[in-house]
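With chain A's structure known, arrange chain B on it following the hints.
Going down the list, the protein sequences come from chains A and B. The numbering used here numbers the first residue of the first sequence as 1 and each following residue consecutively. The numbering used here numbers the first residue of the second sequence as 1001 and each following residue consecutively.
I should point out that these hints are in silico values taken from the structure, not numbers from a laboratory. The beta-carbon is built from N, C-alpha and C at its ideal position, and this holds for glycine as well. Be careful, since some hints might not be right.
[Stated by the list, open to error] With a straight-line cut-off of 25 angstroms between C-alpha atoms, the simulated BS3-like cross-links for lysine-lysine are:
| no. | chain 1 | residue 1 | chain 2 | residue 2 |
| --- | --- | --- | --- | --- |
| 1 | B | K1160 | B | K1082 |
| 2 | A | K188 | B | K1188 |
| 3 | A | K489 | A | K409 |
| 4 | A | K282 | A | K336 |
| 5 | B | K1160 | A | K160 |
| 6 | B | K1082 | A | K188 |
| 7 | A | K317 | A | K336 |
| 8 | A | K489 | A | K317 |
| 9 | B | K1082 | A | K160 |
[Stated by the list, open to error] Only some residues are given here: those of chain B computed to face chain A with a beta carbon under 7 angstroms:
| no. | residue |
| --- | --- |
| 10 | V1154 |
| 11 | V1158 |
| 12 | V1190 |
| 13 | T1404 |
| 14 | P1405 |
| 15 | V1408 |
| 16 | T1431 |
| 17 | A1497 |
| 18 | R1499 |
| 19 | N1537 |
| 20 | L1588 |
There are 2 protein chains.
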Amino acid sequence: MAQQHTAGATDEVAEVRAVLAAARAAGRTALTAPEGKQIADAYGIPVPEEGLAETADEAVSLADRIGFPVAMKIVSPDILHKTEAGGVQVGVTGAAAVREAYTSIVGNARAYDAEARIQGVQVQRMAEPGLEVLIGTVTDPTFGKVVAFGLGGVLVEVLKDVTFRLAPASEADALSMLDGIRAAELLKGVRGGEAVDRTALAGLIVSVSRLAYDFPEIAEIDLNPVFASARGVVAADIRILLAEGEPVRRRQWSKEEIRTSMRRLMRPGSVAVIGASNEPGKIGNSVMRNLIDGGFAGDIHPVNPKADGILGRKAYKSVKDVPGEVDVAVFAIPAKFVAAALEEAGRKGIPNAVLIPSGFAETGEHALQEEIVEIGERHGVRLLGPNIYGYYSTWHDLCATFCTPYDVKGGVALTSQSGGIGMAILGFARTTRTGVSAIVGLGNKSDLDEDDLLTYFADDPHTECIAMHLEDLKDGRAFVAAARETIRKKPVVVLKAGRTNAGAKAAGSHTGALAGDDAVYDDILRQAGVIRAPGLNEMLEYARALPVLPAPRGDNVVVITGAGGSGVLLSDAIVDNGLSLMEIPPDLDEAFRRHIPPFGAAGNPVDITGGEPPSTYEATIRLGLEDPRVHALVLGYWHTIVTPPMVFAELTARLVAEAKRKGIHKPVVASLAGDTEVEEACAYLFERGVVAYPYTTEKPVAALGAKYRWARAAGLL
Amino acid sequence: MAQQHTAGATDEVAEVRAVLAAARAAGRTALTAPEGKQIADAYGIPVPEEGLAETADEAVSLADRIGFPVAMKIVSPDILHKTEAGGVQVGVTGAAAVREAYTSIVGNARAYDAEARIQGVQVQRMAEPGLEVLIGTVTDPTFGKVVAFGLGGVLVEVLKDVTFRLAPASEADALSMLDGIRAAELLKGVRGGEAVDRTALAGLIVSVSRLAYDFPEIAEIDLNPVFASARGVVAADIRILLAEGEPVRRRQWSKEEIRTSMRRLMRPGSVAVIGASNEPGKIGNSVMRNLIDGGFAGDIHPVNPKADGILGRKAYKSVKDVPGEVDVAVFAIPAKFVAAALEEAGRKGIPNAVLIPSGFAETGEHALQEEIVEIGERHGVRLLGPNIYGYYSTWHDLCATFCTPYDVKGGVALTSQSGGIGMAILGFARTTRTGVSAIVGLGNKSDLDEDDLLTYFADDPHTECIAMHLEDLKDGRAFVAAARETIRKKPVVVLKAGRTNAGAKAAGSHTGALAGDDAVYDDILRQAGVIRAPGLNEMLEYARALPVLPAPRGDNVVVITGAGGSGVLLSDAIVDNGLSLMEIPPDLDEAFRRHIPPFGAAGNPVDITGGEPPSTYEATIRLGLEDPRVHALVLGYWHTIVTPPMVFAELTARLVAEAKRKGIHKPVVASLAGDTEVEEACAYLFERGVVAYPYTTEKPVAALGAKYRWARAAGLL
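Just chain A, with the same shape it has in the complex (with noise of 0.2 angstroms):
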């Protein structure tokens, strides 16, 4: 994300900042509506011609010049709420009318606030009739600025129908908003409604948004309302707060830094263990006991001030005596002496340290942790955790952790903020056997986090899938620069914990109250091409399917089933996932239905009908995978005595194994309906490269449609 000015011309920003610096000097933070019309100007802002009167005499030549009707409103830099203080009133038409609502606004202001300065009344054209919009941006703690969009008027605060993108945003991003609410219909005009003008409206959500990223001091601005039509947009109301505070920046590693000592951490050639101990129950000990029952080929030094030999290798009092490179120092010491640890290996050059103590931050610990992340920035130490159950690099053989080894190798890396849930990883692993690259807990974060992992993962030729449950990003900003270019290569899914408990938030406009810690995070998270797994369940799921299916190349899913009833809860899967069922052409059909009877129905889903044989399943199976304008196909077994399970899963595996050596790669999933049989068979198909589960319909289309939004996102379809 560049960091420079986007603002056309130096004089805009120097006459913004000049309105801004004003305001900050008489110890405002919100911007009156002559300020705000200053700064739109400069922006190119459209809002309808207006003027400030300070007497009932300048209003009516005001609006003379403006032409009537138009809208009245009090200016004061005390009175934020102007309807609520009696301060507007609109459709003011002919010299007596203004006359008279230039007293009445001012006396209700009065009357509102007897203390409040009174600047005047601001005289404004009544804006065209449109469709009331609102655009507006605030200040997100974790992506910065970022700019909204939706319905106007009283909807929006009912309906919630807004939608957000990191500004500055691109033309491309807010003609995506326009598409990205609920009522986006509206824009394009409904029953006899014309369409606004879409180019004028994106082009003010690009000048809303450059101006928020162009003055970070800015922290919301809320157009609201925006009136767009046909013939263009005008903003009838501008409001502006500025910060409280200057934003505090952290420290940057550039990408190479972070491969460099990535690179070490996930392959590393010795890994020293601070803590390692004989002692069965100590972490130290199991941390020890993985790394050699793991298999891990490079060195393992034991560091122990108080033994000679741990688990029949040497052990080193301090990790300064360790001969040779040390690429990662596992910690395994209470919280209380990982600062001096730690400076030792600073000292001798240790790239990386893995800190399981837990004792810091997340026990109130914070100044303990500050001392931590100052020691690592100072040596150039990367640290991983603290309060983490360590990591697995199992194409390394290694498990630098004290939990139990896990030796599956495959295609899927799994990232996990909390240790519980790298717990529920390990185990769901294990039972299903998924093969995985990396496990690595991220705890505390106090600095590797995300992003970095991203950035290994994304050129780690072992990784196919990452997963990654988090409950916070430190720099939304980097997450998606990372994720973005991640996902040209492989597909992360996010899950994203603690959606729900955002709590009530003060906010000062209308955009800082739409925009929800949730709400934000969803939609920049879906704009960075990530697939957000609803739940813990679904991301280990997602994690251990999306490695295993091979990328769609077209968007057309065609579901062949032995059960009626089961064709009919895939179709409602496929909806609900976002994939459309192909409209079979009519010599498909027919080549459908030669194989199948004459009871059976072709369309799609291709119901074969319960009381099939193996053979039905194969014919129709192999012409869904030879047909160059099927894309995807989705399974529907029904255990039968004709069709037992594992003959119908040998059948699968079998096609789908012929096509891959004719060079058809097509994602297959399946939906086995049966008695416990169909466990197996699932299992069997899923170590071939078919997704199959029992049981669900829900669970095999839900996998494939995470595929699909990944190549979506990756520009593949």
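Same frame as chain A, now just chain B:
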């Protein structure tokens, strides 16, 4: 559902009937505005003052009487789309303008359709502005007359923010509709807007629904827009469409008839198997074997014209020859022989025919199906199927099916319309050892359907929960009535398949266009109090979990977790499932804090932190169980060496059992994060009344949520 007319006065009914008859006589199915007005007046539907002008002079004098401004609309039985025809002008003020509008409207209408019969121009008082809403009715193929309420104007079309109830709607129904739309807050007044008159609005919904219900010949009613304000409601436009034909009524059975035959079906003393066979692989052989192997204690009579004995039992040439009463005849013969055998069963007075064979309506053989239905009705034989796997009644050791026996007796009755789904039920139940009272295939539902089964299961002492897979309902109203009765006693879970393939329906009204199959099903099933499962897996999991959980007695849910990460995800799931985290009172908070480390978090979730011994789990769970202000517990377990999975499972099961002995029955669910040992721990817990799942935070909370939804529908909360 009472069938009598609900109208207050027969005069009004007669008046409406006359208007409808006149329209019918004129060969019209769309009523004109004046006809609509007459009907509205009869049913107390407030419409703006208006009149029909046949000349420009009449229009002027009408407008004078009504008061300016007025709306003017063409009246022609041949012009349905008045705006399109240039036949509408609003806000017309002054005699000259009215005259001009009259001429222009009639001219436009003539230009639009030279053949149109023009009766004049309706002159109408302009409705007082208010919130625009829509009220309408449709005739749903499943549920009959259904009333709709939603936002009016263009938004209703774009956002489809509409809710449905059976007509006639009670006032309580109508009030619940006001809260049933996403934009419900708008009705209460937002940002200074006034609240609408809810009583008047609900009253209008009731009136419109009564009108639709009283006149089966009315296909659709549209009141769009209705202006609702603090001062009342007024329907600015009323549109009534008549049905083309008359609805057909099905044969009805009394509750007592249903109970009698269902009791004999589910607890038979003797079963005849028509088509019993000695030949393995034949359905008639599998059914015999399953009946015998399942341990059925009653008489089993094989019927086969070619055998003397089958599997050691005396065989009869015909079911007529079987001695004594027979409660159930299971048919295991080809479709073409069913009618003749059913005739014999009918003559023998057998009350139930279980029709396994396929080859009826599902393969296009509608005549064959109609034939057996006629035979069944004539002899009073109730038909289960055809095209089914049979059924299980486990507490009576009855496996009347060609699948494999199932004998884990328990509290859930499962039914499925599709055989494939039935097989999934069987496999799932077996692998999870789900306690089952019955599994029933419904297939083509030529006769017995979900409402018959509900009527039986509601009274069955072995059944604690009913789960039904269905693709359609033959009689939605009978289902709703049976469900409402059942739900007072036990939960009913429904998986409604075919949610998304409603497809485009031809509709003559806005309400009709909005009444997609699933929208109506969803609202009406929810109103009936059933728990709708989003997918097959959820239906199965709810069926497994609901009988295990006691009913909650209040809304206070407390999460106790060893993993903070699980706590966050469990909290997300709690909100997703419409539950709420208890706000823990200070004394209880204090009590929890006494048991957890100082850096743990009390509040809710109660985070006991990861490294705690069994005693911490024990103390906090006991506290949650014993404090009467806590109504349900959600446990998050984290696998550690200190508290291994089975230790957690045993202590939790023991605490729950102890509480039960003290008369404390609270639902407890658990999410276990850990290595594979957690799977055994979950099975152990499930068998002991704690709904526990590994590797997921969502499923246990979803099960709890389902139990709460039922408890609310049953009026327990």
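Here's how the hints hold up against the structure:
1. Under the criterion of a C-alpha separation no larger than 25 angstroms, the hint pairing K1160 (chain B) with K1082 (chain B) is consistent with the structure, at around 23 angstroms.
2. A threshold of 25 angstroms between alpha carbons decides the hint, and for K188 (chain A) with K1188 (chain B) the separation of about 30 angstroms lies outside it, so the pair is violated.
3. About 20 angstroms separates the Cα atoms of K489 (chain A) and K409 (chain A), which keeps this hinted pair within 25 angstroms; it holds.
4. Straight-line distance between C-alpha atoms of K282 (chain A) and K336 (chain A) comes to about 17 angstroms, which keeps the hinted pair within the 25 angstroms bound.
5. Using a Cα cut-off of 25 angstroms, the hinted pair K1160 (chain B) and K160 (chain A) holds, with the two alpha carbons roughly 15 angstroms apart.
6. A threshold of 25 angstroms between alpha carbons decides the hint, and for K1082 (chain B) with K188 (chain A) the separation of about 23 angstroms falls inside it, so the pair holds.
7. A distance of roughly 18 angstroms separates the Cα atoms of K317 (chain A) and K336 (chain A); the hinted pair therefore holds under the 25 angstroms criterion.
8. Between K489 (chain A) and K317 (chain A) the alpha-carbon distance is near 45 angstroms, which puts this suggested pair outside the 25 angstroms criterion.
9. Simply put, K1082 (chain B) and K160 (chain A) have alpha-carbon atoms about 34 angstroms apart, too far for the 25 angstroms limit, and the pair is violated.
10. The closest approach between the C-beta of V1154 (chain B) and any C-beta of chain A is roughly 5 angstroms, which is under the 7 angstroms cut-off, so the hint is satisfied.
11. Interface hint status for V1158 (chain B): upheld, as the beta-carbon distance to the closest one in chain A is roughly 5 angstroms, under 7 angstroms.
12. A least Cβ separation of about 5 angstroms between V1190 (chain B) and chain A falls short of the 7 angstroms threshold, and the interface hint therefore holds.
13. The restraint placing T1404 (chain B) at the interface with chain A holds, with a minimum CB-CB distance near 6 angstroms, inside the 7 angstroms limit.
14. Taking 7 angstroms as the C-beta contact cut-off toward chain A, the hint placing P1405 (chain B) at the interface is violated, the least distance being around 11 angstroms.
15. Residue-level restraint check for V1408 (chain B) is violated (minimum Cβ-Cβ distance to chain A is 13 angstroms; threshold 7 angstroms).
16. This hint holds: T1431 (chain B) has a C-beta 5 angstroms from the nearest C-beta of chain A, less than the 7 angstroms allowed.
17. Of the supplied interface hints, the one on A1497 (chain B) holds, with its beta-carbon coming within about 4 angstroms of a beta-carbon of chain A, less than 7 angstroms.
18. Taking 7 angstroms as the C-beta contact cut-off toward chain A, the hint placing R1499 (chain B) at the interface holds, the least distance being around 5 angstroms.
19. Hint status for N1537 (chain B) relative to chain A: holds, with the closest Cβ pair at about 4 angstroms, below 7 angstroms.
20. The beta carbon of L1588 (chain B) is not positioned within 7 angstroms of any beta carbon in chain A (closest approach about 20 angstroms), and the interface hint is therefore violated.
Consistency note: the structure conflicts with the earlier hints numbered 2, 8, 9, 14, 15 and 20.
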